[in-house]
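Visitor: Protein sequence lines correspond, in order, to chains A and B. For reference, each letter of the first sequence is one residue, going 1 to 111 in the numbering used here. For reference, each letter of the second sequence is one residue, going 112 to 225 in the numbering used here.
A few of these clues could be false.
To be verified - Across the chosen pairs, the derived CB separations fall in these ranges: (1) S51(A) with G174(B): 35 to 41 angstroms; (2) S194(B) with A41(A): 18 to 24 angstroms; (3) A70(A) with P150(B): 39 to 45 angstroms.
To be clear, the hints were calculated from the coordinates, so they are not data collected in a lab. All of these numbers come straight from a predicted model, not from anything done at the bench. Built from N, CA and C at the ideal position, the CB exists for glycine as well.
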Amino acid sequence: DQQVKQNSPSLSVQEGRISILNCDYTNSMFDYFLWYKKYPAEGPTFLISISSIKDKNEDGRFTVFLNKSAKHLSLHIVPSQPGDSAVYFCAAPGSARQLTFGSGTQLTVLP
Amino acid sequence: DAGITQSPRHKVTETGTPVTLRCHQTENHRYMYWYRQDPGHGLRLIHYSYGVKDTDKGEVSDGYSVSRSKTEDFLLTLESATSSQTSVYFCAISDHKGRPYEQYFGPGTRLTVT
Numbered sequence: 001d002q003q004v005k006q007n008s009p010s011l012s013v014q015e016g017r018i019s020i021l022n023c024d025y026t027n028s029m030f031d032y033f034l035w036y037k038k039y040p041a042e043g044p045t046f047l048i049s050i051s052s053i054k055d056k057n058e059d060g061r062f063t064v065f066l067n068k069s070a071k072h073l074s075l076h077i078v079p080s081q082p083g084d085s086a087v088y089f090c091a092a093p094g095s096a097r098q099l100t101f102g103s104g105t106q107l108t109v110l111p
Numbered sequence: 112d113a114g115i116t117q118s119p120r121h122k123v124t125e126t127g128t129p130v131t132l133r134c135h136q137t138e139n140h141r142y143m144y145w146y147r148q149d150p151g152h153g154l155r156l157i158h159y160s161y162g163v164k165d166t167d168k169g170e171v172s173d174g175y176s177v178s179r180s181k182t183e184d185f186l187l188t189l190e191s192a193t194s195s196q197t198s199v200y201f202c203a204i205s206d207h208k209g210r211p212y213e214q215y216f217g218p219g220t221r222l223t224v225t
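Bound-form chain B, shown alone (with noise of 0.2 angstroms):
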C-alpha cells in the first residue's frame, strides 16, 4: 500500500473557525489531490499541486487553499468553515510512472462543521 497518511480522521468544528487538513505521504510521488466526497457527487477535485510550491484549482476551490512546502505534506485549508463544506475529505497521490493516470488515496478526514 501506498504510504498515505491523513490528518485529522475527524473533526467537528464550528461555523467560521479556520480548519487546516494534513496530508502526509512517504512516496516521493510529485503529484498530490484533496478530493472531497458527498453523496450523489462522488469524488470531486478541489485542489491538487504538481510539485513543491506548485499548485492549482480544481472543480471545487472556492472556500479554500492548499500550501505545499515539501514534497511529502499538502496542507489543505478552510479559511472559514460553513456548514456546506461539512464532508469526507480524500487526500491521493501519483507519480503517474506506473499505470496511467493511477491515483492512491489515503483513508479519508472526515470533517463536520456545525
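Excised from the complex, chain A in its bound form (with noise of 0.2 angstroms):
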C-alpha cells in the first residue's frame, strides 16, 4: 500500500506558465515532506521541503502547499523553464528516518 502518492505520471507546460504537480499521501503521522528533483541518469537532489507546521514553503521559483486536512501537497513552479523539465518526487521520512517515495511525476517543459 503506497503511503505517498503522485497520481500524474506525466505533465506538460508551456514555458512561462505555472507548473503544478499534486502528491498525496496516507499515513497522517507524517510530519515532514520533501520534493526531489531526478534528470535522466542521475541521481535524485533535493529541491524543497516542508514542515506539517506550516502551510506554505516558497524558495524562489518553487513554492510547495501543505493542506494537512486533506493529506495533499502541491509543488508549483513559477515561471516554468526548459531546464526544469525532470521528474520529480514528493517523499515523506519513515521512522528510522528513511525516506517512502511517491512513483514520481515526469514534468516537460515546452519551448
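Using the supplied hints, reconstruct the complex from the two chains, each of which is provided in its own coordinate frame.
Guide: This is the structure in C-alpha cells:
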C-alpha cells in the first residue's frame, strides 16, 4: 500500500507558465515532506521541503503547499523553464529516517 | 555536491550469479541507504545503515544483503541475481544535521540481469 502517491505520471507545460505537481499521502503521522528532482542518468537532488506546522514554503520559483486536512501537497513552479524538465518525486520520512517516495511525475516544459 | 560514488555504474549479469554494488562516501555521514528505482514505483528502500555494522531492512529487502564495515563504504549484494532485480540502484547518505531528513544521492548503478 503506497503511503505517498503521485497520481499523474506526466505533465506538459508551456515555458513561462505555472507547473503544478501534486502528491497525496495516507499516513497522518507524516510531519515533514520533501520534493526531489531527478534528471536522466543522475541521482535525485533535493529541491524543497515543508514541515507539517506550515502550510506553505517558498524558495525562489518553487513553492510547496501543504493541506493537512486533505493529506495533499503540491509543488508550484513559476515561471516554468525548459531546464525544469525532469522527474519530480515527493517523499516523507518514516520511523527510522528513511524516505518513502511517490512514484514520480515527469514534467516537460515546452519552449 | 556531496561526495558519493557508486561502482560499477553499469553492469550486465546472468541469472543466478552473485553481484555486489559498492557505495563510497567522503562526507563521513552516519546514515547510508540503498534504493531501487523502477517505472511506476518511484524509489523503494532496500536496506539502510545507521552506523558501522548497524543495518536494517527496508521495504523490498528480499534477495538482497548489505554490509558496512567502514563508515565510508556500504555494499549491496544480490546473492543470486534474478531478472526481477533488473533496476537502477541508488545509494544515499545523510547526517540528519542539516535540513531535516535530507538525503544526498549517488549517480546510480544500472543493473541488467539476463
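Visitor: Regarding A70(A) and P150(B), is the given constraint of 39 to 45 angstroms on their beta-carbon distance met?
Guide: Given range 39 to 45 angstroms: violated, Cβ gap about 27 angstroms.
Visitor: Is it true that S51(A) and G174(B) lie within 35 to 41 angstroms of each other by Cβ?
Guide: For G174(B) against S51(A), whose Cβ atoms are near 36 angstroms apart, the range 35 to 41 angstroms holds.
Visitor: Kindly confirm whether 18 to 24 angstroms is satisfied by the beta carbon distance between S194(B) and A41(A).
Guide: Holds, at about 22 angstroms.
Hint check: a violation occurs at hint 3 only; the rest are consistent with the structure.
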